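Taken in order, these protein sequences are the chains called F and S.
Take the first sequence: its position 65, counting from 1, is numbered 72 in this note's numbering, and each next residue is one higher.
Take the second sequence: its position 79, counting from 1, is numbered 86 in this note's numbering, and each next residue is one higher.
The hints are simulated quantities; they were obtained by calculation from the structure and are not laboratory data.
None of these values were measured; they are calculated from a predicted model.
Some clues are possibly wrong.
Straight-line distance between alpha carbons at most 25 Å, and here's what the computed DMTMM-like set of lysine to aspartate or glutamate pairs gives [said to hold, decoys possible]:
| hint | chain 1 | residue 1 | chain 2 | residue 2 |
| --- | --- | --- | --- | --- |
| 1 | S | 182 | S | 198 |
| 2 | S | 315 | S | 57 |
| 3 | S | 61 | F | 275 |
| 4 | F | 315 | S | 325 |
| 5 | F | 182 | S | 325 |
Chain S is faced by these chain F residues, among others (derived, beta-carbon under 8 Å) [what the hints assert, rightly or not]:
| hint | residue |
| --- | --- |
| 6 | 102 |
| 7 | 129 |
| 8 | 272 |
| 9 | 276 |
| 10 | 289 |
| 11 | 293 |
| 12 | 304 |
| 13 | 308 |
| 14 | 332 |
Facing chain F, from chain S, some residues (calculated, C-beta under 8 Å) [said to hold, decoys possible]:
| hint | residue |
| --- | --- |
| 15 | 102 |
| 16 | 134 |
| 17 | 228 |
| 18 | 232 |
| 19 | 252 |
| 20 | 255 |
| 21 | 274 |
| 22 | 293 |
Every residue gets a Cβ at the ideal spot worked out from N, C-alpha and C, and that includes glycine.
The primary structure of each chain is shown beneath.
2 protein chains.
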Amino acid sequence: MVVALTGDRPTGPLHLGHYVGSLMNRLVMQGDFEQYIMIADIQALTDNFEHPQKVTENVLELIRDYLAVGLDPSKNTFFIQSQIPEIAELTVYYLNLVTVARLERNPTIKTEIQQKGMGESLPAGFLCYPVSQAADITVVQAEAVPVGEDQLPMIEQTNEIVRRFNRIYNTDCLKECRPILSQTTRLVGIDGKSKAGKSLGNAISLSDSPEEIKRKVFSMFTDPDHLKVSDSGKVEGNVVFAYLDAFHASKDEVAELKTHYQKGGLGDTTIKDILNTTLQNLLDPIRGRRAEFKKSDLLDILRTGTNKTKEKASGLIEKVRGVIGLKYY
Amino acid sequence: MVVALTGDRPTGPLHLGHYVGSLMNRLVMQGDFEQYIMIADIQALTDNFEHPQKVTENVLELIRDYLAVGLDPSKNTFFIQSQIPEIAELTVYYLNLVTVARLERNPTIKTEIQQKGMGESLPAGFLCYPVSQAADITVVQAEAVPVGEDQLPMIEQTNEIVRRFNRIYNTDCLKECRPILSQTTRLVGIDGKSKAGKSLGNAISLSDSPEEIKRKVFSMFTDPDHLKVSDSGKVEGNVVFAYLDAFHASKDEVAELKTHYQKGGLGDTTIKDILNTTLQNLLDPIRGRRAEFKKSDLLDILRTGTNKTKEKASGLIEKVRGVIGLKYY
């Protein structure tokens with residue numbers, strides 16, 4: 008089976024954006040790929056190092072989310088990044104193979120630096136995180152990496168490092184990887200602005216209570232000009248329809264609702280009621296399973312997966328040290 | 008005993024510049040300090056990563072030089088940087104605590120970037136090496152670091168990281184260090200230009216043959232205007248006198264020679280003969296001891312020291328992970 012690597016930063020609960028953007032994809036992949044799922048605590052620390060508990064306290068919540076959506080520990084390897092120090096070691100080797108200028112040109116990094124308003128205060132760890140990602144991917148010898156379009160430069164950077172390493176050290180011990188592009192479009196935030204994001208507070212979490220879900224659905228941005236039920240309404244940019252597109256079971260029914268809404272005579276309350284039912288039905292069982300797992304079970308699953316990853320990582324690092332020549336006795 | 012850390016990059020044989028600049032100092036310190044001596048192969052790779060054998064092949068020569076000058080394995084801990092992956096792990100944590108702007112302002116790095124003609128091609132690993140040095144120093148909890156004046160910014164950078172780490176994670180697990188400034192002035196190269204350097208080919212190695220030493224002494228830059236023995240000669244900028252100052256046993260005799268040379272009547276051949284004798288006497292026993300050590304003994308000494316360092320490093324990394332909160336099970 009082809010090895011795949013995905014993962015998330017443990018900085019908050021997973022939400023519906025993750026569900027359509029990556030979790031569903033991982034559910035499809037499990038069993039067909041040797042799938043490693045990384046809890047990226049070290050990467051999360053690059054911009055949360057002053058508040059490490061924001062990261063560390065979310066590790067258990069993240070594995071809980073994974074299991075609750077149906078990712079099966081017998082078909083996936085879950086591991087915690089910080090517990091694989093081989094990643095740090097690879098990062099240090101790879102840092103020599105990338106120029107500062109190249110890192111500064113990385114479009115993903117550039118965008119994030121702007122978004123987070125870094126600049127003069129840009130931590131070296133943040134600039135270097137594409138290198139650390141190359142280490143994440145190669146440490147498990149992943150050849151498939153499911154990503155969003157915006158992460159493609161990261162894959163490119165990884166493959167540049169892989170090729171350079173293999174050429175310089177005359178080896179094939181590192182493997183190039185290919186991106187698996189997510190089919191779904193990005194889920195918009197409930198405010199209709201940009202994508203749903205943990206930090207933006209405009210997302211519906213997998214762990215939200217029924218009341219919270221309802222509240223968020225009813226606060227969704229629709230069509231500001233759709234004042235009376237009888238008015239004709241716009242479907243484009245209407246968050247309720249974006250979510251119905253993403254989550255409603257029947258495409259036909261959604262199409263009918265859209266026509267009705269555009270014609271006039273369909274109120275926001277009605278479509279929000281329908282969406283609320285859809286989301287409650289989706290999230291009810293997930294929330295239920297979230298509550299089932301005992302902390303000790305979660306820790307066992309993390310320990311088992313991390314140990315398995317550690318074994319693979321040790322094997323690779325031995326090879327890497329060997330080809331560089333860092334074996335003396 | 009106070010822990011001290013020093014070390015060298017294994018990129019070529021040690022020479023007389025190292026002898027007066029650092030080895031003599033380490034000889035004085037041994038026994039009075041818990042002295043760790045690091046063979047900095049990872050750091051050497053930051054600008055030799057394309058030719059790792061230039062680094063790895065010199066590791067045994069370096070420990071041979073250390074022992075030959077009289078550094079005692081029962082009083083010092085010799086270790087190989089690459090065999091302590093905890094250093095890479097610390098480096099990754101520390102990278103978050105330093106801004107790119109701060110690294111670019113580091114005077115030592117700035118100078119070296121200029122000297123090596125990097126620029127657009129500056130590898131990230133090279134820019135980050137002050138951070139990696141902070142990891143070297145703190146991983147053994149060194150509180151004293153013998154350095155040359157030009158390395159003071161590195162100590163400052165390390166202490167900035169230490170203070171920031173301790174403050175953010177509310178701990179005292181990292182220790183600040185103080186520089187121990189070398190008393191001696193830098194040894195000039197035999198060409199009279201800049202300092203003696205491995206890469207400049209203007210140094211007398213501890214392992215040079217008697218013939219090689221003699222050849223180098225007799226090719227030393229003296230006073231270009233001192234054409235006849237009877238001419239008065241200049242002592243300033245005269246390499247032979249610089250070396251006599253550094254290595255001749257009798258200050259008085261050197262003072263007399265200087266006066267005579269300045270007055271006229273003392274030939275370059277005569278002072279070179281005297282210096283040659285001085286250096287042959289110094290280096291003969293060192294070269295003899297170099298030949299005595301079997302490879303297996305050297306490897307044993309490296310293994311023992313590295314294992315001891317590894318134990319110390321593991322203890323520290325446990326503490327560091329603990330204060331950040333990276334312990335989950």
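For each hint, the structure was consulted:
| no. | hint | verdict |
| --- | --- | --- |
| 1 | 182(S) x 198(S) | violated, 42 Å |
| 2 | 315(S) x 57(S) | violated, 30 Å |
| 3 | 61(S) x 275(F) | violated, 72 Å |
| 4 | 315(F) x 325(S) | holds, 21 Å |
| 5 | 182(F) x 325(S) | violated, 32 Å |
| 6 | 102 | holds, 4 Å |
| 7 | 129 | holds, 5 Å |
| 8 | 272 | violated, 55 Å |
| 9 | 276 | violated, 45 Å |
| 10 | 289 | violated, 29 Å |
| 11 | 293 | violated, 23 Å |
| 12 | 304 | violated, 12 Å |
| 13 | 308 | violated, 10 Å |
| 14 | 332 | holds, 4 Å |
| 15 | 102 | holds, 4 Å |
| 16 | 134 | holds, 5 Å |
| 17 | 228 | violated, 36 Å |
| 18 | 232 | violated, 47 Å |
| 19 | 252 | violated, 38 Å |
| 20 | 255 | violated, 38 Å |
| 21 | 274 | violated, 49 Å |
| 22 | 293 | violated, 23 Å |
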